[in-house]
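Undergrad: Could you slot chain B onto chain A? The hints should help.
The listed protein sequences derive, respectively, from chains A and B.
To convert, count from 1 in the first sequence and add 322; that's the numbering used here.
To convert, count from 1 in the second sequence and add 679; that's the numbering used here.
Some hints here could point you the wrong way.
Claimed, not checked - Partner residues are not named here, just some residues of chain B that face chain A (Cβ under 8 Å, in silico): (1) 921; (2) 926; (3) 953; (4) 1086; (5) 1193.
Said to hold, decoys possible - If the Cβ cut is set under 10 Å, some of the chain A residues that face chain B in the computed set are: (6) 331; (7) 344; (8) 371; (9) 376; (10) 378; (11) 395; (12) 405.
As the list claims (entries may be wrong) - Simulated restraints on C-beta separations: (13) A:366 x B:1167: 28 to 34 Å; (14) B:1267 x A:378: 20 to 26 Å; (15) A:335 x B:822: 40 to 46 Å.
Keep in mind the hints are simulated off the structure, nothing from the lab.
All values derive from a computational prediction rather than experimental measurement.
Idealized CB from N, CA, C, for every residue including glycine.
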Amino acid sequence: MKITLKLFASLGKFLPEGTTGNETEIEITKGYTLEQVLEEHGVPPEHCHLVLVNGHYVGPSERAAMKMKEGDALAVWPPVAGG
Amino acid sequence: MSWTKKILRVNLTSGTCVSEPLNMDWAKKYIGQRGLATKYFVEECDPKVDPMSPENKLIFATGPLTGTAAPTSGRWSVICKGPLTGAIACSNSGGFFGAELKNAGWDMIIFEGKSAKPVYLDIDNENAELKDASAMWGMSVWDTEDALRAARGDNDIRCASVGQAGESGVLFAGVVNDKDRAAGRSGVGAVMGSKNLKAIACRGTVGVPVDDAMKFMQAAGAAKQILADNAVTGEGLPTYGTQVLMNVINETGALPTHNAKDIQFDGASKIGGEAMTEPRESDGKANLVSNAACFGCPISCQRVSQMDANHFTVKGQPKYHGKEGGLEYEAAWALGAATGVSDLETLTYCNYICNEYGMDPISLGSTVAAAMELYEIGAITDKETGGIKLEWGSAEALAKICDQTGLGQGFGKEIGQGSRRLCEKYGHPELSMTVKSQEFPAYDPRGIQGMGLTYATSNRGACHLRSYTVASEVLGIPEKTDPLTSDGKPGLVKAFQDATAAVDSTGTCIFTTFALTMDDISPMMAADSEGGWTSETMMEAGERIWNLERKFNNDAGFTAADDLLPQRMLKDAAKTGPAKGKVSDLLKMLPEYYELRGWTAEGVPSNETLARLAL
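Extracted from the complex, chain A is given alone in its bound form (with noise of 0.2 Å):
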């Protein structure tokens, strides 16, 4: 199953090698969770500040069972901000 990995900010040493810029499609075990995903490519949990799944936000409580779908595109930030 593939989905689209969006890793940002300091994130971005996490994508696989040979990735350019910051996203690249992956594919997943079917029924892997947000979580496992972010898991087997080495990102920190608590660097997981802004999740979100199709642009909608995933709160840290619903990390772990969240089931990822074919085609979704997964985006995550550490601590950031702006104005």
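TA: Showing chain B alone in chain A's frame:
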């Protein structure tokens, strides 16, 4: 005590500079800077005054914390009636000028009248004198600062000035200090230029005494520790600056694109904070060189960039080849996503131009975007643009029109009047993405509902910095709310507006509030200044300031009908992303907001509200 308790009143018509005592009764009700200067302005100026006339006053104001050891204490503001909007204008800046002015012993400068010839104000501590600026008229901000330093023979002076845009009446001209920090919004630079006031040069060595030094240092130290320990202010903002938001807001589906026809930009990843750190294909170097800080700021969010010297915009122009103030999020969005231009180097150049000529990049980019839509539908053609092909995504057209606007040339003269006037002239007022004639910033109200109410009710016209609900709706600070629902947003907006008005009046930066609460800020105020400040009295002062600004606007002729978003936000549903199918719920939020504010259904503060706030 860290009010200096002195105002410098400068009459440009008669050429006099007079010291006056600060009204301490007002200071204890309006704090300083934005609040206190607005009080002075409202008391002294007719709300119906023509903003570009000598009768409009122009106030440069610091806060009680400006220039102290409080973190981010470099803030200062310019207050007047804005020529872009006709509403109260208060434009904030950072850098070092404000702290220098405070250290020279002045809480604020009130300019009145108009000089017969170009002048600048030369301040050396308590000595202030108007001097001839004829030789500087026509100079850019950058050249003016160099000329002022040469004239004084002192490289340590701090300067605030207008460039060619302020001189030529660009209605969104800003006042620029320290070469790339700006009181950018609402056209305060145009008012300064209209008075033939080119610049202020300041040297301040008097110092800023505080009321209780021991308590103050404890409170300031505690606040600094919180900022350092917080992941956003201690790491996120220093590393990526505000520009990290480009991909966040695009992914959230709230990035106004192509004059807000779209809500997501496929070039966003090329112009955001991450892209600034990546090596360029052309020369292998990154656009971003380093971060930088304003006076007393431990956050250091400012960007410093260096362009590819062979880029078409700067080739053969060495003055653009050094390290200069780089793109912040709002500038990158307005010049980029709004116009469809995804060339980072061109956006960096246009941002330099805004600093050099003294213009607000938000209003500039948004107005160019409106012009591009007028061009797309044939309402303007090459005849009006002088041959510039204003097509979406054209870096060449953007760079050319930015140059022309700053210099008051060609079609740039029309861009310099802002998008409302431009779109009305060519028969399509609905294409102006403005509130109260000010262009709105980088958050689409269809995708972030609280920002629609924020823009609609902002006292200085559309603005994100009057109640930055993005912090809650997108970033989860202080707690996460759903950006797609309008439920609860009137209360959220009111709370942000009041708190922001208070913080803006202290002399510190609103970015501290990503980490600090009013309970962290009020102890600094309490130790710094007489008045027994608490979180409650700070919030009350913030609400008082908000209502004072509102009352001025109502007296100037604004009504509830002006608390309105462009019809595109209310009728054209978002096409993509999480907000697909949604419009702004503004009309649902407004009545609740008025009620929470204690205003009538017509948006007027009730007598009870005015009495409660001692207005």
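Undergrad: Against each hint, give a clear statement of whether it holds in the structure.
TA: Against the structure, the hints:
no. : hint                       : verdict
1   : 921                        : holds (3 Å)
2   : 926                        : holds (5 Å)
3   : 953                        : holds (6 Å)
4   : 1086                       : violated (30 Å)
5   : 1193                       : holds (5 Å)
6   : 331                        : holds (5 Å)
7   : 344                        : holds (6 Å)
8   : 371                        : holds (7 Å)
9   : 376                        : holds (7 Å)
10  : 378                        : holds (5 Å)
11  : 395                        : holds (8 Å)
12  : 405                        : holds (6 Å)
13  : A:366 x B:1167: 28 to 34 Å : holds (32 Å)
14  : B:1267 x A:378: 20 to 26 Å : holds (22 Å)
15  : A:335 x B:822: 40 to 46 Å  : holds (42 Å)
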